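Novice: The residues making up each chain are set out below.
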Amino acid sequence: MTAILPPSDRLWWKHPMDRQETIWIIISFIWCMVMFAMMVGWHFFGKQNLATETYKVDPAAFAERAEAFAKKYTVRTETEQEVPVVAPPEGSDVYMIGRLWNWWPILELEKGKTYKLHMTSMDYNHGFSLQPINLNIQVVPGYEHVIKVTPNESGTYAIVCNEFCGIGHHEMVGRLYVK
Amino acid sequence: MTVSTTYRTCPRSGLQFEDQAEKLIKANAFTAIVALLVGGILALGVVLTRWPAVHLLAADTFYMVLTAHGLDMLIYWMIFFEVAVMYFAASTLLRCRIATPKIAWLGYWLMLIGAVVNNIAVFQGESSVMMTSYVPMMAHWSFYLGLVVFAVGALIACAVFFGTLVVAKREKTYEGSIPLVTFGAMTAAIIAVFTLLSGAIILVPTLFLSWGLVQNVDPLAYRVIWWALGHSSQQINVATHISIWYAVAAIVLGAKPMSERVSRGAFLLYILFLQLASAHHILADPGVSTEWKIVNTSYFMYFAVLASMIHALSVPGAMEVAQRAKGFNKGLFEWLRKAPWGNPVFSSIFISLVGFGFLGGITGVMMGTEQLNLLIHNTIYVPGHFHATVVIGTTMTFMGLTYFLVPVLFRREIINPGLARLQPFLFGFAMYAFTIVMMGAGTLGVSRRHWDMAFNGNALAYEWPGAAYLMMGLVGITGVIAIIGGAVFIYLVVGSLLWGKRLDGGKVSNTFTFLNRAAPSAPLQTYGSAGFVAPGTFVLTMIFLLTFILYYFVNWKYLGQLWGLS
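In the order they appear, the protein sequences are chains A and B.
Letter 28 of the first sequence, counting from 1, is numbered 110 in my numbering, and no numbers are missing.
Letter 280 of the second sequence, counting from 1, is numbered 311 in my numbering, and no numbers are missing.
These are calculated hints, taken from the structure and not from any lab test.
Please note that a few of the clues may not be correct.
[Unchecked claim] Below are the DSBU-like pairs computed for lysine-lysine, each with C-alpha atoms no more than 30 Å apart in a straight line:
1) B:203 - B:54
2) B:200 - B:538
3) A:154 - A:198
4) B:532 - B:57
5) B:57 - B:133
6) A:138 - A:154
7) A:193 - A:230
8) A:198 - A:230
9) B:588 - A:261
10) B:57 - B:203
11) B:357 - A:96
12) A:154 - A:230
13) A:261 - A:129
14) A:96 - B:200
15) A:138 - A:230
16) A:193 - A:129
17) B:54 - B:200
18) B:538 - A:198
19) A:261 - A:154
20) B:588 - A:230
21) B:588 - A:129
22) B:538 - B:203
23) A:193 - B:57
24) A:230 - A:195
25) A:96 - B:203
26) A:261 - A:198
27) A:195 - B:588
[Unchecked claim] Restraint-style ranges between C-beta atoms, simulated for each label pair:
28) B:494 - A:193: 16 to 26 Å
29) A:193 - B:243: 44 to 54 Å
30) A:160 - B:453: 18 to 28 Å
Since the model is a prediction, treat every value here as computed from it, not as a measurement.
Think of the CB as a built atom: it goes at the ideal place given N, C-alpha and C, for glycine as much as any other residue.
All chains should be modelled from the sequences, with the hints used to inform the complete structure.
Specialist: Below is the structure:
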């Protein structure tokens, strides 16, 4: 019962290592280094990396820019709330607001084209969860996150809020079209 | 220095309990089990609401219940039990008196008052902010006050633990170095101090914010510092439950660590690296640089992963060596087949060990990878993962230890031994299934902390694939079975304390018996095969590694098919 007794030699760091443990530690260490390389390497070879372009932002100022953007490119409105469907040109700045409890506006993007998506929250933390492809990004109030997105498949997508934001959290669903 | 106290030598285990320490261990362990009971009842509300066909609670009740479930399980059940383990590892294992028993009781009462105040705040309904309580979403001030008071009590308990180590050293109750299990508990206590101080840094200003004394707590800074509390607190659990794995291997099988240097070195890696890796909760956040994410979650986290992989070999390896020494030497796995599966102390620990590694460990690394995190951040995959680590890992281990403590510490025989033999399998395998279906639903995108996956009445509603509904139905069914397994545990423990046969307490003496160091053991290389002392364990760890590699790259492949982001 030696794990609960003082070790037979006082200086435990001088205990011999068993060959089996040494081999396992070497294997594990190599595997950890492979994982380390994957994470760094994906920034060079992979296409899915979160941009770290972020600005501190006043929610009201952001909302003003988002409204101007929506006004400029709205093509139609949907639902009883008349949410604008906004179709911006390739390469432009695209705005998305998360607030209690909706995503605004509805975007209409084109497959294979790249957009600069600006996101922030007007109030609490929200979670941008793009379905059905399952891409999840945290939306933090006071911070404007700018991500270049390139949709690779056309269809109708939903943006589900997956960060708890109060009693109406489950009603917070948005939409996004890719042509 | 003489202090008047008594020492009881347990006739069944040979352990020696100092009077004050014994009372403190009992009080903390019992309070922990009460918290587990409350959390378990709340769990029923959670799973029955997330089971789409049942959808039991109203939205506001559901979020309240979910908040309380998280706090009672992750904080109160675990930390009360950990304090009991700390006092056990210091006072009982070193055969010394506990340092400053009065202050230890003060710590206990502060923890209890904090826990009660916090629970009341939640059940009043104005504090459904989840365990993470991200600002600017605010709870009632008493919610934060309860947490802070509890944390102060827990810090006092850590101080008493360190004081007890000093007492043992000064009064020379043992010879040589502290035992491995005490060493593991010490790493847990060091991590606990770091964690609780991080909690103070962020929760105290938030408390002031709720009183209107502070104007603003930055939401991103809150998230970063909160996770230094939120994740590191899980590391207290890991260090504690791995210490218990070593303790149970020693108590039940007479196992000794394969190498003290390796096992202790792995505990040290936890102290040095895991706290920083709590940054992996911020991987999908704006405002922190790629370099910061990589340094913290890759460079630092993988050293902690390495530590866990070391224990993954060392703990079952020690068991295998001990079993082979007893003659269970045939083939690769006779040692495992002939293990005491009928003893709930052992079976709990082994089911915990395997589940923690395969289900908790692998998924944790996947989530902690910067880009792969995009696939599962805030989906129900996350609770799937942490139920594998904290329920299968920590809770099951604590349950196993409780089966040992009921006769040894509370001096009662376990009632209904047949049911006790069954309970770890019922609870453990139900939890295995529960975590797997949760992860399955998360892979399909289902959100965590979400009341209605059907989005009823929403104009822009999204229809989840049928498989997601199926998975969430299975979450409900397996969750209910696991809760039944937990209820059986509570019944057995509380029943034994009330009606179990009283056992002889053993000799009581006024002085401690000196603790000699372990006898040097024969060289390990006398059994095993192909130059391995524990060949069966080596095969198991290789299977683990292959599963790990496969799962890791499958996720990268899936990630590679998503929209381009930069």
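Novice: All hints, please: hold or fail.
Specialist: Against the structure, the hints:
1. B:203 - B:54: Roughly 23 Å separates the two Cα atoms, so the pair holds.
2. B:200 - B:538: Distance ~24 Å between residue 200 of chain B and residue 538 of chain B Cα, so the pair holds.
3. A:154 - A:198: Answer holds: residue 154 of chain A to residue 198 of chain A is near 16 Å, not above 30 Å.
4. B:532 - B:57: Holds, because 18 Å separates the two Cα atoms, which is no more than 30 Å.
5. B:57 - B:133: The given pair, whose Cα atoms are some 15 Å apart, holds under the 30 Å limit.
6. A:138 - A:154: Holds. Residue 138 of chain A to residue 154 of chain A sits at ~25 Å (cutoff 30 Å).
7. A:193 - A:230: 14 Å, holds
8. A:198 - A:230: Judged against 30 Å, a Cα distance of about 4 Å means the pair holds.
9. B:588 - A:261: Answer holds: residue 588 of chain B to residue 261 of chain A is near 25 Å, not above 30 Å.
10. B:57 - B:203: Cα-Cα ~26 Å, so holds.
11. B:357 - A:96: 28 Å, holds
12. A:154 - A:230: Given pair residue 154 of chain A, residue 230 of chain A holds - Cα atoms ~20 Å apart, limit 30 Å.
13. A:261 - A:129: Given that 30 Å is the threshold and the Cα spacing comes to 21 Å, the pair holds.
14. A:96 - B:200: Distance of about 21 Å is within 30 Å: holds.
15. A:138 - A:230: 18 Å, holds
16. A:193 - A:129: Holds: residue 193 of chain A and residue 129 of chain A sit about 15 Å apart, inside 30 Å.
17. B:54 - B:200: 22 Å, holds
18. B:538 - A:198: Distance ~76 Å between residue 538 of chain B and residue 198 of chain A Cα, so the pair is violated.
19. A:261 - A:154: The hint holds at about 19 Å.
20. B:588 - A:230: 21 Å, holds
21. B:588 - A:129: 12 Å, holds
22. B:538 - B:203: 22 Å, holds
23. A:193 - B:57: 64 Å, violated
24. A:230 - A:195: 10 Å, holds
25. A:96 - B:203: 23 Å, holds
26. A:261 - A:198: 17 Å, holds
27. A:195 - B:588: 22 Å, holds
28. B:494 - A:193: 16 to 26 Å: Taking Cβ atoms as reference, residue 494 of chain B and residue 193 of chain A lie about 22 Å apart, which means the hint holds.
29. A:193 - B:243: 44 to 54 Å: 51 Å, holds
30. A:160 - B:453: 18 to 28 Å: Hint violated: Cβ distance 56 Å, outside 18 to 28 Å.
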